[in-house]
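Dock chain B against chain A, hints included.
If you want the building blocks of each chain, they are given just below.
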Amino acid sequence: MPKSKSAYSVAGKKGKLDTHIIVVWVDNEAGVLARVVGLFSGRGYNIESLAVAEVDSKLNISRVTIVTTGTPEVIDQIKLQLKKLVPVHKVASFKRDDKKVIFKEMALFKFVTNNKKLKIAINACKKFNPVILDETNKSCVLQVTALRREIDKMSTSLKKYGLISISRTGAVAMTRGSEVFK
Amino acid sequence: MSKLYTGAEIVFKCLQDQDVDFIFGYPGGAVLPIYDELKNFNSIKHILVRHEQGAGHAAEGYARSSGKPGIVLVTSGPGATNAVTALTDAYMDSIPLVCISGQVPTHLIGTDAFQECDTTGITRPCTKHNWLVKDIKDLQKTIHKAFEVATTGRPGPVLVDIPKDIQFQKIKYAPFKKSKNTNGKSYSYFNQSEIDKLVDLMSKSKKPIFYTGGGVINSGPKASELLKELVRLTGFPITSTLQGLGCYPGDDEQFLGMLGMHGTYEANNAMHDCDLMINIGARFDDRITGKLDEFSPNSKKVHIDIDPSSINKNVKVDLPLVGDVKLVLTSIIKTIKKKKPNFVKSNNHNTSKWWEKINKWRQKKSLNYINSDSSIKPQYAIERLYELTKNKDTYITTEVGQHQMWAAQHYKFDKPNRWMTSGGLGTMGYGLPAAVGVQIAHPNKLVIDIAGEASVLMTMQEMSTAVQYGLPIKIFILNNEYMGMVRQWQELLHDKNYSESYTAALPDFVKLAEAYGCVGIRARTPDELDDKIIEMLNTDRPVIFDCLVDKQENCFPMIPSGKPHNQMILGPEDEKDNKITGKGKALV
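Chains as they are written, first to last, in this note's numbering: chain A, 1 to 182; chain B, 1001 to 1588.
Pulled out of the complex, with its shape left as it was, chain A reads as follows:
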């Protein structure tokens, strides 16, 4: 046993970490995002990415999608703590590899390079629904939607084709089929 000079107990074994996507429906009011994010930072939980916007302007509801990592116990605790917040209506969560849920991120790539390399770059993005938003003869802004790791991969592999700036969103999620989040 490690020697402890403290009146606190020593840390136990760390469990296996999983990536989860947590979806939270909140009242769209001042400070609500700070409450959600503050809960994560205050209790030492991770935020890998965050996406938030109003989804119902009549009822004033925003939908927050948070990607986080933690042991199953921590994930449960995050959900229970979120449910305690007064402006939170409901909380759903699922594992990143859940086949029943669609999970997407969007990225904007800016290339500054010659025409030839641009073509190669656009071609390389073909699988990820590329949309050319702006084009000159030496630059291009490209929109792609893909999974996080795919965007990660492209953002390194496309560097040699003149990729000079990346802007990307957090993940958003939606259930497949007729199911809805409960």
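Take the hints with a grain of salt, since some may be wrong.
To be verified - Think about it this way: if two alpha-carbon atoms lie no more than 27 angstroms apart in a straight line, the pair counts; the simulated BS3-like pairs of lysine-lysine are:
#1 A/83 / B/1178
#2 B/1197 / B/1353
#3 A/14 / B/1300
#4 A/84 / B/1145
#5 B/1291 / A/13
#6 B/1291 / A/16
#7 A/95 / A/84
#8 B/1172 / B/1013
#9 A/90 / B/1178
#10 B/1445 / B/1412
To be verified - Partial list, derived from the structure: chain B residues whose beta carbon lies under 10 angstroms from chain A:
#11 1130
#12 1154
#13 1261
#14 1312
#15 1560
Note that these hints are calculated values from the structure, not bench results. Remember, it's a predicted structure, so these values are computed and weren't measured experimentally. Built from N, CA and C at the ideal position, the CB exists for glycine as well.
This is chain B only, laid out in the frame that chain A set:
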């Protein structure tokens, strides 16, 4: 056309509708319009404290002893930041507070105006919820909502920040109907099949124990009555956390005393060896569990709590019951009476060996200490205080440290709401202002703050409040000139390097009492202690009692860090027997 009221009037009309009798507060620029209205609302009395932290703790004492929410009124900036410690304290110990703070006028918010601070930002992590009221139309509904959030579910502090211009603006006041339903955040999820399961576990258990906490007290006096009934009905042993003391009579045969770091030998060993642990309104705090991996390894664990996030937070449980303690206990008792009318009889046989074991642990008499003729032992002082006040329905508050643990060990409570101590946050300076609040709620009762000389100096200024309102609180200081718990840890963990734990220049507490306009009494020897305590009890004014105690005394028994419940250090006698020296000490 109906009458228009200013925001400041709306505040008081809301407080009136919420049956508020007392506000603890301190005026300042940004709350002046509210203070201006005080004269027009005679049913509400304002208690002027000397520091906003004192207001918060006084409101906590008021809330804990009366079961009603405590109300705090402070100004912007420093007024609000001074209240933060008390809000955090209330948050940790689940005490309902409603704090109303003034704010600079809305057009100045964000300009670094005089006495401006981001009050809602600062208090967000230490309140259940908070609001900045930017529109007079929201004021009434916000204040009523604040009361609802503070008092329903797991109680806690809330804060309403009201800019000064909002306090001047006028609007109608709608008649208020107190809604019965909760804020939607307090759930009673449990169902009959879970209760049946629990009763089944109880009837099969050979080594059961009840482990009860502050949740029983927060559920109201009825919950304590039901708990008593259930414990008697089952014949099971019961132990309590620091916060739960009083929910079950402390001098009862089935009560094993407090558990945890400074709990009794029998309570901690019973927790470790039990086969069924029924947690009622406690939260598996780290001062309770000791080493988590070895916490009660062979027991089925049942957890009754109103807060779903308390379940499985620190300890994985086998059967969670989410709901108000009062309701859950009612169902359990009903089910036992219906299904197992002879529970005690059939169960006595089941648990007789368990009680034998417990009684063996009890014989260790882990709270014993070596008394002295020449110096007052702190434990002896508390024992005498208990003996001389136990028939008076006494309310006890404490500060934080050794004296707090000795009070918890040696003062026996037989009713809920009589014991006010800062457990979660461990706030030195809590007890004196809390005693002020308790005495406000119970003007004719005996209120004693069992204090340490270091703690009490942190909020000593509130003696002035006690004198102003003629509150005969008794500040019983166990004076050992050290921050005793710090000194104890330094002795046990840091090779007796007493770094900065000795207070070299203490005030003369008797003269200090006189300076405040109250009474000072000093006890130096065990012989005179009783007479001096009686003198204190016969004084109908606030008293500072300077009890000079042994300076080296340590608080035992103790679970050393990183150890499970069954490896406690007992008192100095045990130390001699087991020779916990050198290498062993480093493990403490």
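- prompt: Close enough to count: is the Cβ of residue 1560 of chain B nearer than 10 angstroms to one in chain A?
  reply: This interface hint holds because 8 angstroms falls under the 10 angstroms limit.
query: Holds or violated: are the alpha carbons of residue 90 of chain A and residue 1178 of chain B at most 27 angstroms from each other?
result: 26 angstroms, holds
query: Given residue 1261 of chain B was flagged as interface, is its beta-carbon under 10 angstroms from a beta-carbon of chain A?
result: 8 angstroms, holds
- prompt: Taking 10 angstroms as the limit, does the beta-carbon of residue 1154 of chain B come near enough to a beta-carbon in chain A?
  reply: 8 angstroms, holds
task: Quickly compare the C-alpha distance for residue 1291 of chain B and residue 16 of chain A to 27 angstroms and report which way the hint goes.
output: 21 angstroms, holds
task: Take a quick look at whether residue 1291 of chain B and residue 13 of chain A sit within 27 angstroms of each other, Cα to Cα.
output: Given that 27 angstroms is the threshold and the Cα spacing comes to 12 angstroms, the pair holds.
query: Are the Cα positions of residue 1445 of chain B and residue 1412 of chain B separated by 27 angstroms at most?
result: It holds: about 17 angstroms lies between the C-alpha atoms, which stays within 27 angstroms.
Hint consistency between residue 1197 of chain B and residue 1353 of chain B [alpha-carbon to alpha-carbon, up to 27 angstroms]: 24 angstroms, holds
message: For the restraint on residue 1130 of chain B, tell me whether the closest CB of chain A is nearer than 10 angstroms.
response: 8 angstroms, holds
- prompt: Given the hinted pair residue 1172 of chain B and residue 1013 of chain B, is their alpha-carbon gap at most 27 angstroms?
  reply: 11 angstroms, holds
query: Hey, residue 14 of chain A versus residue 1300 of chain B, does the alpha-carbon distance stay inside 27 angstroms?
result: Holds - the C-alpha atoms of residue 1300 of chain B and residue 14 of chain A are around 23 angstroms apart, at most 27 angstroms.
message: Tell me if the straight-line CA distance from residue 95 of chain A to residue 84 of chain A falls inside 27 angstroms.
response: 22 angstroms, holds
Comparing the model with each numbered hint stated earlier shows that all of them hold.
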